[in-house]
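4 protein chains.
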Amino acid sequence: MPNVAENLNVPPPNHVLVLDGQGWIGLVDQMGTETSIVNAARVSFGKIRQVMDQRDAALVKYLIANHHTSPLEHVMFTFLVHCPLFVRSQWHRHRTWSYNEISRRYTNEDITFYLPGALREQAESDRQASKVAEHINQDECRSLIAKHHAASLRLFERLLAEGVCREQARGVLPQNMMTTFWATVDLNNLIKFIELRDSPHAQSEIREYGQAIKKLITPIVPHVAEVLNWS
Amino acid sequence: MPNVAENLNVPPPNHVLVLDGQGWIGLVDQMGTETSIVNAARVSFGKIRQVMDQRDAALVKYLIANHHTSPLEHVMFTFLVHCPLFVRSQWHRHRTWSYNEISRRYTNEDITFYLPGALREQAESDRQASKVAEHINQDECRSLIAKHHAASLRLFERLLAEGVCREQARGVLPQNMMTTFWATVDLNNLIKFIELRDSPHAQSEIREYGQAIKKLITPIVPHVAEVLNWS
Amino acid sequence: MPNVAENLNVPPPNHVLVLDGQGWIGLVDQMGTETSIVNAARVSFGKIRQVMDQRDAALVKYLIANHHTSPLEHVMFTFLVHCPLFVRSQWHRHRTWSYNEISRRYTNEDITFYLPGALREQAESDRQASKVAEHINQDECRSLIAKHHAASLRLFERLLAEGVCREQARGVLPQNMMTTFWATVDLNNLIKFIELRDSPHAQSEIREYGQAIKKLITPIVPHVAEVLNWS
Amino acid sequence: MPNVAENLNVPPPNHVLVLDGQGWIGLVDQMGTETSIVNAARVSFGKIRQVMDQRDAALVKYLIANHHTSPLEHVMFTFLVHCPLFVRSQWHRHRTWSYNEISRRYTNEDITFYLPGALREQAESDRQASKVAEHINQDECRSLIAKHHAASLRLFERLLAEGVCREQARGVLPQNMMTTFWATVDLNNLIKFIELRDSPHAQSEIREYGQAIKKLITPIVPHVAEVLNWS
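Chains as they are written, first to last, in the working numbering: chain W, 2 to 232; chain P, 2 to 232; chain L, 2 to 232; chain R, 2 to 232.
By construction, these hints were calculated from the structure, which means they are not laboratory data. Misleading hints may appear alongside valid ones.
Identical chains share a label here; the pair holds if one copy fits it or two copies do between them.
For lysine to any residue, the following SDA-like pairs were computed, each having C-alpha atoms within a straight-line distance of at most 20 Å [claimed, not checked]:
| id | residue 1 | residue 2 |
| --- | --- | --- |
| 1 | K193 | G211 |
| 2 | K132 | E158 |
| 3 | K132 | R159 |
| 4 | K132 | E163 |
| 5 | K193 | R96 |
| 6 | K148 | R159 |
| 7 | K132 | S71 |
| 8 | K193 | H95 |
| 9 | K215 | H95 |
| 10 | K193 | N67 |
| 11 | K132 | Y107 |
| 12 | K62 | K132 |
| 13 | K132 | A162 |
| 14 | K132 | T108 |
As the structure is a prediction and not an experimental result, all values here were calculated from the model.
Please take these sequences and the hints and turn them into a complete structure.
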């Protein structure tokens, strides 16, 4: 696993910042290219090729357009993700990824919290969405949240000082707490993730991660990005 | 889905209480029996039977002892689970289950929190475990936690009143918040869950759910329970 | 597992014949209803219902139309399938099912072969399809195939008589050999199977099984069938 | 996908021959190392390292011995496999792999068959195994099998000449036919495959592939190989 920092709050070199710089996602490892996709697809016909030409680019587009997605599963990515707990819970609902996450049962170091840069209003018509706020007192609300984060951390540390074990004490920490996890997935399932999470129905915060993933992998699978209109 | 209550804080009829009555797990639907297991196993040999006899009981034991577990996958269970968020996060790491969970993006009703009945100390030698507390001031610590829960809920409601959307406001709610989810799994993967979660390495809270599952399904798969020493 | 026959070449009571009566698929067990789907979906909003009304039917349609398919995973089916080996191989590419199959390593009884009722021509333009034959000498070709099946079985039995083990001797048996397997799947993944296998791109033989599944489960999930235009 | 041949009957450079040279498995791509495993495991404690030391080797052993296998899922392998159909069917029962296989619906070129180098006898006591043959007339039996392969191919080609489509004509080809497929899997599930398929209960033919995989990946994960006694 090349080039990752010693501290889990520091992103790896190839990363994209999100959430006003409070979160990030880095690409730390990768296997396969679009030539892998083409070869896995052409095996049906008993063919293999060494380099891609224009017909292969057309094949990649055909496969995606027609949901013949199994050849995409030979391309893999490993990411390191730094995000709030509530984003992590949405993410881990995707069961085709492999995950390993920091655990507050085992360490109480480097605890930070996500403070929304801009608070959004509840949408009236659509229960799934929020909208840009016009009437919210941003300064006051953000200040209340920041104070709550600090009070939560003080209580957590107080409980530890009283002798309470980490696995119980962490229960007082809010869902805005930041976490870090390894995440490995194949290209087929990654595309499904992006469709669901970089969507107007998804929460704005996780959507930023979906968009960041597109930026990170477009150089590796440019024809896939083109057919899916990622640019 | 038979016999479930209108309110998601009320357990279905066939349930086991855990966490001093603050949590519960109910069995709401089920498919297959030990005869299903035996028939799925005997298909290799071209055989089917209508009822189980003693040789079939021996076969169930042989299958489990020798990790021939695919026949167990034709027996399914659907549970309704009421647990703290931190237990939910451990549970959802098991990727062979199907889940549907209450979302605080869509409702702000019936919010409650888990208040540990007894706080445990950090174990010295084993970083994964906690132990019975001798030196903790239980009353004071539990009172601090309860006050923090109330303060968290007040801030959540204050933010909603200020116009902040639920999906952002919920970030201040602590991981002790209770949640409710549907969970469907086959017997093979359920046994793996129990092995990992009803274990001395697991956190005491999720372990109670693992033990409750044993009680709920032992009447349905008595020979499986016997070979795994669940009694 | 209710009501299955002693011999694996005999279908269970609730079945559909396919391949001119040479193959069949039976529904032998089932869990959940459309009410299960609705309840699993409404848990997001903290709601549960006992019976379905018109709004629930609309919800089922909304879920499928918008690919919110996780609530469909709490409805399960177990089938018993009797089909040629080449259909089995296409079927087992679907990795979300649970399978247990008769094995010719363990039994050499009740061996039969699929003899196509009508042979089809190779399509010119589309490499994936075949078409109704006009120029094939059906009687002669079918007779050649039938004789080959008989010769294959004779050689298999000769090899067994010579002392060769079943697991090696079976290698001479053709892919038209019939097999029988248990297959359990949830409704979400069953719909994906039907979309891929009851399709003009799929081989005609497996397509008959896809259509038979629709007939077997439409009475159980009528609104799902309606929104997917299965009638 | 580096260095694969144009013809699917030719192995890639990094391969192991099996089945008397009639079959082979090649390693064509790979992601992650034992350092990836260690880092994914240490994230629980908030730690990352650049290179492995002796404590890390001990950690790899601890993880495997205690079934903490999720960190192994960030190491991936892509193989190209050339094997008989009956081995392919056993292999594809492993549902955590990604597969793409040559299809006789789409091509009728380069068809070959597996002719066992030595025929084995049926074991008396254990229905799963075969044993070294003492009483089999090897020459005669192998000659009968070889003739049957040739007759099967002639019939296949005759049917194509009569206008029958490939997808139906292939039904006469025996399970000894060789096939080729791409196969991608993570290290955790690969170890499970090896435990089941390089086992005395497994058929000798697939066991050779399990042993070949060990040879191919031992240089990449030497401490894993050591703790599992692969040498």
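Hint check against the structure, violated hint numbers in rising order: 7 and 12
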